[in-house]
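All chains should be modelled from the sequences, with the hints used to inform the complete structure.
Number of protein chains: 2
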Amino acid sequence: MTDSWVNSAQRIGVDLHLELSGPGGRRAALTRALRDAVRGGRLAPGTRLPPYRSLAADLGVARNTVADAYAELAAEGWLTARQGSGTRVAQGVGPSRPVRRESAEPGRDARATPVTAPPRAHGPRHDLRQGAPDSSSFPRAAWAASYRRALLAAPSEAFGPGDPAGRRELREALAEYLARARGVRTDPDRIVICSGFGHALRLLFARSGPGGPGTSRRAGAAAGPRASDAGGVLRGPLGVEAYGLGFHRDLLAAAGVRTVPLPLDDDGARVEALDRERAVLLTPAHQFPTGGPLHPGRRAAVIDWARARDAVVVEDDYDGEFRYDRRPVGALQGLDPERVVHVGSVSKSLSPALRLGWMVLPSRLVAPVLAAKGEREGWASVPDQLALADFLACGSYDRHVRRMRQTYRRRRDRLVAVLAARAPHVEVTGIAAGLHAVLRLPPGTEASTVRAAARQGVALDGLAGFRHPDAAPGKGVTVGDGLVVGYAAPAEHAYGAALEALCGVLSSG
Amino acid sequence: MTDSWVNSAQRIGVDLHLELSGPGGRRAALTRALRDAVRGGRLAPGTRLPPYRSLAADLGVARNTVADAYAELAAEGWLTARQGSGTRVAQGVGPSRPVRRESAEPGRDARATPVTAPPRAHGPRHDLRQGAPDSSSFPRAAWAASYRRALLAAPSEAFGPGDPAGRRELREALAEYLARARGVRTDPDRIVICSGFGHALRLLFARSGPGGPGTSRRAGAAAGPRASDAGGVLRGPLGVEAYGLGFHRDLLAAAGVRTVPLPLDDDGARVEALDRERAVLLTPAHQFPTGGPLHPGRRAAVIDWARARDAVVVEDDYDGEFRYDRRPVGALQGLDPERVVHVGSVSKSLSPALRLGWMVLPSRLVAPVLAAKGEREGWASVPDQLALADFLACGSYDRHVRRMRQTYRRRRDRLVAVLAARAPHVEVTGIAAGLHAVLRLPPGTEASTVRAAARQGVALDGLAGFRHPDAAPGKGVTVGDGLVVGYAAPAEHAYGAALEALCGVLSSG
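Protein chains in written order, with our numbering: chain A, 1 to 509; chain B, 1001 to 1509.
Think of the hints as simulated: they come from the structure by calculation, not from any bench. Quick reminder that beta carbons are idealized off the backbone N, C-alpha and C, glycines included. Hints should not be assumed to be uniformly reliable.
[To be verified] The calculated label-pair distances, taken between Cβ atoms and stated as ranges, are:
id	chain 1	residue 1	chain 2	residue 2	range
1	A	ARG276	B	ALA1141	57 to 65 Å
2	B	GLY1025	A	THR445	45 to 53 Å
3	A	GLY22	B	ARG1307	19 to 27 Å
4	A	GLY256	B	VAL1418	39 to 47 Å
[Claimed, not checked] Residues of chain A placed beyond 10 Å of chain B at every Cβ, according to the derived structure:
id	residue
5	PRO352
6	PRO383
7	GLY457
8	SER507
Structure follows, in structure tokens:
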């Protein structure tokens, strides 16, 4: 670095956009531009301005021009100059809109407290909705350590345009982990990283891939079918469980995929009802939301169906890590890796905030999925991918899952015990795994109970909200009234009060 | 924590999925399951197995059953037991597919070196393609520091389901930065975080948003138009510059948006050609790829057109931070925040690997864009968002941009100087800003020069590849033959050789 003004500018590190125009000389123009920037709020109170020399070099004006402009604005009260801390925008000027002050030093300046506090989430008093892990248990220190280690060890090309398949480090770590912990049979080349289950569904079923046709060199080079105009990588009609996430159904409907509901019973989805569907979407480890595993006979049957019909099973392994009974339920994918798309994510095991998931694909689907994803990685953060690879490889992931499994198991036991004591008429089901239970209710009482809960500050869902629109009551596919109670979302200290409130709702209802 | 076996399991931290089935007792079943897992490659050589006690508790079998199974497999050579380091899968067993060993200790085990090295990118010998910053200059230490600081300071709710608008901390930091450095007029509520410019285009123009219709509570609650079935948030026909990224055109075509090319001249896009288009996509700070700023008269004219036609200007501010001449070019958005969608990202300023960008929206478009994005954050990593907020607020972003501006300016100067000396017949244009230059060539020589470059190991693009398909030569919209030379991608040490090779191509061609 030979230019000393560059060093100076770097030390201060403020970048300032000013347009010098209008009547008068450059000094007048600069004074006007700075005044407007402060008055209009573009420069917040407390913001440190660049030193004369640096701004002068940037604007191509004499140093004294800048010094004069600063002095004039300080005289007018817009700026303040203090020995040793440079020139700053004065307090109490500018519009009243909230702005965050920035500091010129590495790390936050102790004096520069944010004007606005981060907004508080205004959730319900007691949150027993399913869908998210305990956010207060995110393993911050271990994750930050993996992130830093991975970032510092990464090759430079990791910071260039990314491979849409995802980082190889992560795909290797996942292949090892999924084989070991979930019984998945794969190699890293059949794994494609995505942003979560919704992204996976879009990649599989979008009429034309998010990357658009013709954007991928890889698709042309690799063998396998391309996504056609009339359908995505996979086509409908798609069998789905009669109860599931409305978000997934909406997403499929938007992609023009017709979904056909499969009845549910105590052994899971009745896959014998599958007929001319081209694919089926299942939650084999833990039916969402009713809670049982798919019976081994049905696991075999759906694979047989897929082989006979040249169809594909999409396996949503959304909470496969969290099982509490002694009966292990491996991934359906292990039965036939060429017939099953296995999809998982860290959304339940770590946090939905990371936006990291994976698809384990039959070999023939790898090229079309990559074609749908685009020529470069457009979605998943590469540093986060590298961090997850490290987190898996160093054992932190296993440790965290084990710890959370114990936490959630205790919460489940507490839920069951409290209900047995306080609301013995309520049957609790779907408790062998996962982060939620289903409380069976007498017919016709679900809606009123959910409303009563809401009135008492308890947020939870009824089963009806998960029912497929074509699975009307009386058509043999419904599973009766019930509440879906998530026991993962509340922070540890808030769980007791949430259970208390739930019992209040159930005993008064 | 009261269960001592849990503590033991946590310390080891390996999670193992095994199915105990088949003939014989539980010991035989466990021995078989473990042997299959090793033989099939699910348990890689070197993998440490759980202690007896922990696995016994997991499977609900006696501790001696596990001890016996381990002993039998050790006798068969599948496992090795070492005093003090537990039982591990033996070396040299299992299938030959590459696996990454994991370590049971926090941090990587020194003995467990990865079997496979990260793949090397097999790029061209000299990479002078435009599109990415110098990946070797990513500010790893400063970014890791911001990431860690932000992660440890974040409220717990940051690890729950995210706000699709993006983290408020980031939107506040961006509002301040964009106002100060780019002349953008906004408040945090009009900023929506996305994964980059491609994601922004999808959100603006997709026929139905990626979140699908009906998935957003916010859209119903907020005022403003919804994305209709016949079009997205914005509709076509869309005016585009006659030269631009094919990726963007493909993406728009996939969304069913017709694009109409605008001729270019030395003052940028000839916006007076706009007529019945509903929107126009421009690169006002630095036309991509030809390289000039949009003339002030045309900036005013396109805003007048948008007002008169109730149309919208989409401003792609892809490299607005990198200007080298004395004439500042602020964001077009500053002229009329209610007529311009301003889109930027860190892909050029930091790295395309982060997948972080932003849209600054006219107020009436905020609700429809959020509706298109979905009810929860489905895309941008929240920890990365928090890290960028810190990186901006503590001044690291400004410091990095300043440093890179100097680096790229030196590279540009070197390119110009080398070409003046070695290929004086070549005119170099578009050099006032950005990370690439355009080398004008005699008519009819572009394709052969690109081919000659490829033969000599120099990767670069000709202008023709960026031309809109409807902008045929002779229709008054073409800008002649030329090479687009990116000077950012090579690492610092490789730049000299790349320039040498370029001169070789130009003097021989």
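Hint check:
Our hint of 57 to 65 Å for A/ARG276 and B/ALA1141 holds, since their Cβ atoms are close to 58 Å apart. Range check, B/GLY1025 to A/THR445: about 48 Å between beta-carbon atoms, so the 45 to 53 Å window is met. For A/GLY22 paired with B/ARG1307, a C-beta distance near 23 Å keeps the hint of 19 to 27 Å intact. Look at A/GLY256 against B/VAL1418: about 54 Å separates their beta carbons, and that is not inside 39 to 47 Å.
The claim that A/PRO352 is not at the interface with chain B is violated, since a C-beta of that chain comes within 10 Å of its own (minimum 5 Å). Chain B draws A/PRO383 into its interface by the beta-carbon criterion, the shortest separation being 7 Å against a cut-off of 10 Å. At roughly 18 Å from the closest C-beta of chain B, the C-beta of A/GLY457 stays outside 10 Å, upholding its exclusion from the interface. With a minimum CB-CB distance of about 29 Å to chain B, A/SER507 clears the 10 Å threshold, and the non-interface call stands.
Of the numbered hints listed earlier, those contradicted by the structure are 4, 5 and 6.
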